[in-house]
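Using the sequences and the hints given, assemble the complete structure.
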Amino acid sequence: MKEVALNNDVVYLDNAATTPMVPSVINEMLDKMQNVYGNASSTHAAGREAHMILENARQTIAKSINALPEEIVFTSGGTESDNTAIMGTAIARQHLGKHIITTAIEHKAILQPLAWLEKQGFEVTYLPVDENGVISLTDFKAALRDDTILVTIMMGNNEVGSHMPIQAIGEILKDHQAWFHTDAVQAFGLLDIDVKVANIDMLSTSAHKINGPKQLGFLYRKTGLVFPSYLKGGDQEDKRRAGTENIPAIAGFAQAVAELTATEKAKRQAKYYDFKKLVLDRLKQAGVEVAVNGSLTADGLQHVLNIWIKGVSTYVMQTNLDLAGIAISGGSACTAGSLEPSHVLTAMYGSTSPRISESIRLSFGRYTTSDDLNYFVDQVIKIVKRLHQ
Amino acid sequence: MIYFDNSATTQADPTVVDTYSKVSNNIWGNPSSLHNFGEQAFSLLNQSRKQIADIFEIKPHEVFFTSGGTEGDNWIIKGTAIEKRAFGKHLITTQIEHPAVINTMQQLESLGFEVTYLPVDKRGRVSANDVAAAIRPDTILVSVMVVNNEVGAIQPIAEIAEVLADYPKIHFHVDAVQAVGKGLQELVFNSRVDFATFSGHKFHAPRGVGFIYMKEGRRIAPLMSGGGQEKNLRSGTENLPAIAAMAKALRLVHEDEQAKIAQEQVVRQTIIEHISNQPNITVFSETTSDFAPHILTFAIEGVRGETIVHAFEEQGIYISTTSACSSKKEQVSGTLVAMKVPEHIATSAVRVSLDATNTIAEAQQFNQVFDKLYVGFEKIFVKN
Numbered sequence: 001m002k003e004v005a006l007n008n009d010v011v012y013l014d015n016a017a018t019t020p021m022v023p024s025v026i027n028e029m030l031d032k033m034q035n036v037y038g039n040a041s042s043t044h045a046a047g048r049e050a051h052m053i054l055e056n057a058r059q060t061i062a063k064s065i066n067a068l069p070e071e072i073v074f075t076s077g078g079t080e081s082d083n084t085a086i087m088g089t090a091i092a093r094q095h096l097g098k099h100i101i102t103t104a105i106e107h108k109a110i111l112q113p114l115a116w117l118e119k120q121g122f123e124v125t126y127l128p129v130d131e132n133g134v135i136s137l138t139d140f141k142a143a144l145r146d147d148t149i150l151v152t153i154m155m156g157n158n159e160v161g162s163h164m165p166i167q168a169i170g171e172i173l174k175d176h177q178a179w180f181h182t183d184a185v186q187a188f189g190l191l192d193i194d195v196k197v198a199n200i201d202m203l204s205t206s207a208h209k210i211n212g213p214k215q216l217g218f219l220y221r222k223t224g225l226v227f228p229s230y231l232k233g234g235d236q237e238d239k240r241r242a243g244t245e246n247i248p249a250i251a252g253f254a255q256a257v258a259e260l261t262a263t264e265k266a267k268r269q270a271k272y273y274d275f276k277k278l279v280l281d282r283l284k285q286a287g288v289e290v291a292v293n294g295s296l297t298a299d300g301l302q303h304v305l306n307i308w309i310k311g312v313s314t315y316v317m318q319t320n321l322d323l324a325g326i327a328i329s330g331g332s333a334c335t336a337g338s339l340e341p342s343h344v345l346t347a348m349y350g351s352t353s354p355r356i357s358e359s360i361r362l363s364f365g366r367y368t369t370s371d372d373l374n375y376f377v378d379q380v381i382k383i384v385k386r387l388h389q
Numbered sequence: 001m002i003y004f005d006n007s008a009t010t011q012a013d014p015t016v017v018d019t020y021s022k023v024s025n026n027i028w029g030n031p032s033s034l035h036n037f038g039e040q041a042f043s044l045l046n047q048s049r050k051q052i053a054d055i056f057e058i059k060p061h062e063v064f065f066t067s068g069g070t071e072g073d074n075w076i077i078k079g080t081a082i083e084k085r086a087f088g089k090h091l092i093t094t095q096i097e098h099p100a101v102i103n104t105m106q107q108l109e110s111l112g113f114e115v116t117y118l119p120v121d122k123r124g125r126v127s128a129n130d131v132a133a134a135i136r137p138d139t140i141l142v143s144v145m146v147v148n149n150e151v152g153a154i155q156p157i158a159e160i161a162e163v164l165a166d167y168p169k170i171h172f173h174v175d176a177v178q179a180v181g182k183g184l185q186e187l188v189f190n191s192r193v194d195f196a197t198f199s200g201h202k203f204h205a206p207r208g209v210g211f212i213y214m215k216e217g218r219r220i221a222p223l224m225s226g227g228g229q230e231k232n233l234r235s236g237t238e239n240l241p242a243i244a245a246m247a248k249a250l251r252l253v254h255e256d257e258q259a260k261i262a263q264e265q266v267v268r269q270t271i272i273e274h275i276s277n278q279p280n281i282t283v284f285s286e287t288t289s290d291f292a293p294h295i296l297t298f299a300i301e302g303v304r305g306e307t308i309v310h311a312f313e314e315q316g317i318y319i320s321t322t323s324a325c326s327s328k329k330e331q332v333s334g335t336l337v338a339m340k341v342p343e344h345i346a347t348s349a350v351r352v353s354l355d356a357t358n359t360i361a362e363a364q365q366f367n368q369v370f371d372k373l374y375v376g377f378e379k380i381f382v383k384n
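Chain order of the listed sequences is A and B.
Counting with the UniProt record's numbering, you get residues 1 to 389 for the letters of the first sequence.
Counting with the UniProt record's numbering, you get residues 1 to 384 for the letters of the second sequence.
Careful, some of the hints might be misleading.
Cross-link-like lysine-lysine pairs, in silico, DSS-like; alpha carbons within 25 Å at most [stated by the list, open to error]:
{"no.": "1", "chain 1": "A", "residue 1": "K141", "chain 2": "A", "residue 2": "K174"}
{"no.": "2", "chain 1": "A", "residue 1": "K98", "chain 2": "B", "residue 2": "K89"}
{"no.": "3", "chain 1": "B", "residue 1": "K215", "chain 2": "B", "residue 2": "K89"}
{"no.": "4", "chain 1": "A", "residue 1": "K108", "chain 2": "B", "residue 2": "K231"}
{"no.": "5", "chain 1": "A", "residue 1": "K108", "chain 2": "A", "residue 2": "K119"}
{"no.": "6", "chain 1": "B", "residue 1": "K122", "chain 2": "A", "residue 2": "K119"}
{"no.": "7", "chain 1": "A", "residue 1": "K63", "chain 2": "A", "residue 2": "K284"}
{"no.": "8", "chain 1": "A", "residue 1": "K222", "chain 2": "A", "residue 2": "K98"}
{"no.": "9", "chain 1": "B", "residue 1": "K169", "chain 2": "B", "residue 2": "K89"}
{"no.": "10", "chain 1": "A", "residue 1": "K119", "chain 2": "B", "residue 2": "K231"}
{"no.": "11", "chain 1": "A", "residue 1": "K196", "chain 2": "A", "residue 2": "K239"}
{"no.": "12", "chain 1": "A", "residue 1": "K277", "chain 2": "A", "residue 2": "K385"}
If you are wondering where the hints come from, they were derived from the structure by calculation, not from laboratory data.
This is the structure we're talking about:
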């Protein structure tokens with residue numbers, strides 16, 4: 001069966017900001033909204049039915065990263081998962097040390113809570129990245145101290161798609177007290193993740209980045225990690241996250257995860273890689289001066305393509321593409337709203353690089369087609385030509 | 001099937017589900033994105049915010065979206081504690097709050113804050129005088145629920161507001177999760193109230209969405225920090241389909257509000273009148289105006305609450321022990337204990353919680369099942 005794009009008016013190349021729910025996910029959710037309205041904590045049959053759906057979803061999701069079901073805690077999304085991992089660790093482990101390691105290119109849901117902790121007397125090391133958006137393991141080893149209690153390093157970057165050496169970091173931390181958290185919000189739908197092999201202690205995800213519902217995600221917490229619940233209240237999620245469970249959304253999330261088999265993920269990575277090459281080859285052929293921010297490597301997140309179009313400001317390109325019915329981003333959606341310079345590109349190229357103000361991010365998704373990208377390229381060529389006249 | 005557990009959660013209204021579905025299919029952009037598709041989402045987000053503000057006659061910028069009641073309570077309490085800790089570390093609440101308040105307070109105690117848990121009277125009401133007596137120079141927050149979720153007692157919010165009129169710096173928070181659509185708007189939005197918590201799924205909106213009211217000029221630290229959504233006070237990509245659906249549900253629940261309240265009252269009355277005839281029954285929820293119309297909690301002395309719930313369930317009627325959140329553990333209701341109900345009666349309590357869609361016919365069916373079960377329970381009374 002051919003999949004039909006959900007909104008035909010727009011060429012949507014902003015899937016790292018959010019993705020549309022697929023019909024199978026929406027149907028699953030509507031079914032649960034209409035038919036299963038028990039509170040999963042209630043002991044009557046309606047409650048038990050809700051509870052069963054919850055636990056089945058937890059199993060499906062746990063399996064997708066080789067975790068145990070009881071290691072999955074549902075949250076309101078990536079932001080809550082990240083905030084919980086950081087604040088929970090800081091509160092529970094401050095007696096062991098007050099040093100935390102992260103990178104300069106994390107999502108703001110990591111950087112903001114860390115900035116707050118710094119004001120409370122914690123020390124945070126922000127590892128630099130190279131021009132590919134990747135940290136160096138030498139830097140990491142040098143930064144690691146006896147009083148380091150947490151290492152939080154994203155699996156894949158949301159602005160440039162770089163893939164951090166997660167397994168190597170996990171290996172180094174095997175004999176260290178620090179807990180290892182990774183923000184896998186962008187990587188979850190594309191990379192095969194095995195938390196046991198990679199020695200990951202905590203991992204954050206978000207459903208709406210993988211064609212699931214908004215305001216839902218999970219935090220993987222390895223068995224044995226003890227820290228306080230960020231949201232206190234009822235005994236849901238084994239007392240690790242209070243709040244009535246959002247059964248329809250959780251069922252929808254499980255549906256979205258179930259569709260992301262290893263084969264499907266590999267297929268998408270390959271397809272998106274071809275998309276990247278299509279865009280770059282055609283732009284270069286047309287004489288557009290273009291360079292990739294980051295690098296085209298086989299192990300990167302292929303759904304993100306961040307490009308520098310020399311001489312054309314982000315704002316002008318974005319506005320013109322918008323008028324042509326193409327949705328792209330100047331950086332991440334969250335920072336884009338304020339038109340701040342990207343902290344990711346700044347970390348990669350320095351604050352004076354023209355790349356900071358002349359780059360755009362395309363991000364592909366389940367519904368992206370080569371037609372979309374050809375249309376995008378046609379429009380970019382037109383815009384560049386017009387500007388150079 | 002008769003669903004009498006609406007205080008635990010309500011069924012999403014079909015037209016509300018429809019809104020959720022339509023927005024999911026058509027306006028699924030990220031409201032923070034600058035392109036036109038994101039702007040459509042942003043515009044609907046603000047439209048929903050304005051709809052909610054208009055219903056409550058508050059300002060749109062006083063509405064902040066959350067993941068639900070638990071987050072709202074946690075945010076307001078912890079956000080106040082962090083924001084105002086330089087001024088004081090004392091908080092006042094009651095013994096009958098929802099766990100989202102009580103457990104948050106306990107967590108703050110472990111971090112060096114001091115909390116006063118005020119008692120309630122036999123009818124489950126806190127006294128404004130007690131609030132006045134508990135206030136100290138270092139008090140930063142008073143948090144009192146509007147409608148108690150376990151017995152339905154409405155708290156004297158207006159009287160407490162009067163007390164707090166003399167202490168303009170203290171944050172006054174009301175948990176209004178059980179108060180929506182119950183004719184209590186004036187109480188919730190008393191001019192002295194600074195913060196109120198709301199949860200969508202208690203008024204036929206989807207789960208996983210809620211909002212807080214934060215009065216203009218008041219400030220709390222964020223609980224979710226990151227991308228800077230909601231004026232940098234609540235980060236996280238907005239759940240637009242659920243938010244739009246919640247705005248619709250809120251409008252629907254306020255349509256013919258008085259008639260809906262009357263319907264709940266008459267259904268509740270039908271049950272109260274019937275069950276009160278039996279000797280072993282204690283009814284905690286009163287029909288006076290200081291009790292919410294939709295909650296009826298009673299005990300069948302000598303029979304465990306769980307036993308009663310399961311007996312009704314076998315007959316296709318869903319009720320609960322006193323609250324869903326604590327119903328899994330074998331624990332006595334916090335509210336009934338605070339009301340000094342003897343333990344053997346408190347463990348026998350169950351809650352019927354209604355909605356305007358419940359009918360007198362359902363109440364009568366409940367009564368018939370009650371009679372049948374009561375005969376069976378009499379054997380248990382004899383054994384005891």
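Holds or violated: K122/B to K119/A, with C-alpha atoms at most 25 Å apart: 47 Å, violated
Proposed proximity, K119/A with K108/A (alpha carbon, max 25 Å): Status holds; Cα separation ~16 Å.
Holds or violated: are the alpha carbons of K141/A and K174/A at most 25 Å from each other? Since the Cα atoms of K141/A and K174/A sit roughly 13 Å apart, the hinted pair holds (cutoff 25 Å).
Next pair to validate is K63/A with K284/A; report whether the Cα-Cα distance is within 25 Å. Not OK: K63/A and K284/A at ~43 Å, beyond 25 Å, violated.
Against the 25 Å threshold, does the CA-CA distance of K222/A and K98/A hold or violate the hint? Distance of about 21 Å is within 25 Å: holds.
Is the straight-line distance between the alpha-carbon of K169/B and that of K89/B 25 Å or less? It holds: about 13 Å lies between the C-alpha atoms, which stays within 25 Å.
K108/A and K231/B: Cα distance at most 25 Å? 15 Å, holds
Would you mind confirming whether the straight-line C-alpha gap from K196/A to K239/A stays at or under 25 Å? 24 Å, holds
For the pair supplied as a hint, K277/A and K385/A, confirm whether the alpha-carbon distance does not exceed 25 Å. Measuring from Cα to Cα gives roughly 22 Å; hence the hint holds.
So if I understand the rule, the pair passes when the alpha-carbon distance is 25 Å or less; does K119/A with K231/B pass? 21 Å, holds
Would you mind confirming whether the straight-line C-alpha gap from K98/A to K89/B stays at or under 25 Å? 24 Å, holds
Given the hinted pair K215/B and K89/B, is their Cα-Cα distance within 25 Å? At roughly 22 Å apart (the allowed maximum being 25 Å), K89/B and K215/B satisfy the hint.
The structure is inconsistent with the numbered hints 6, 7, although it conforms to all the rest.
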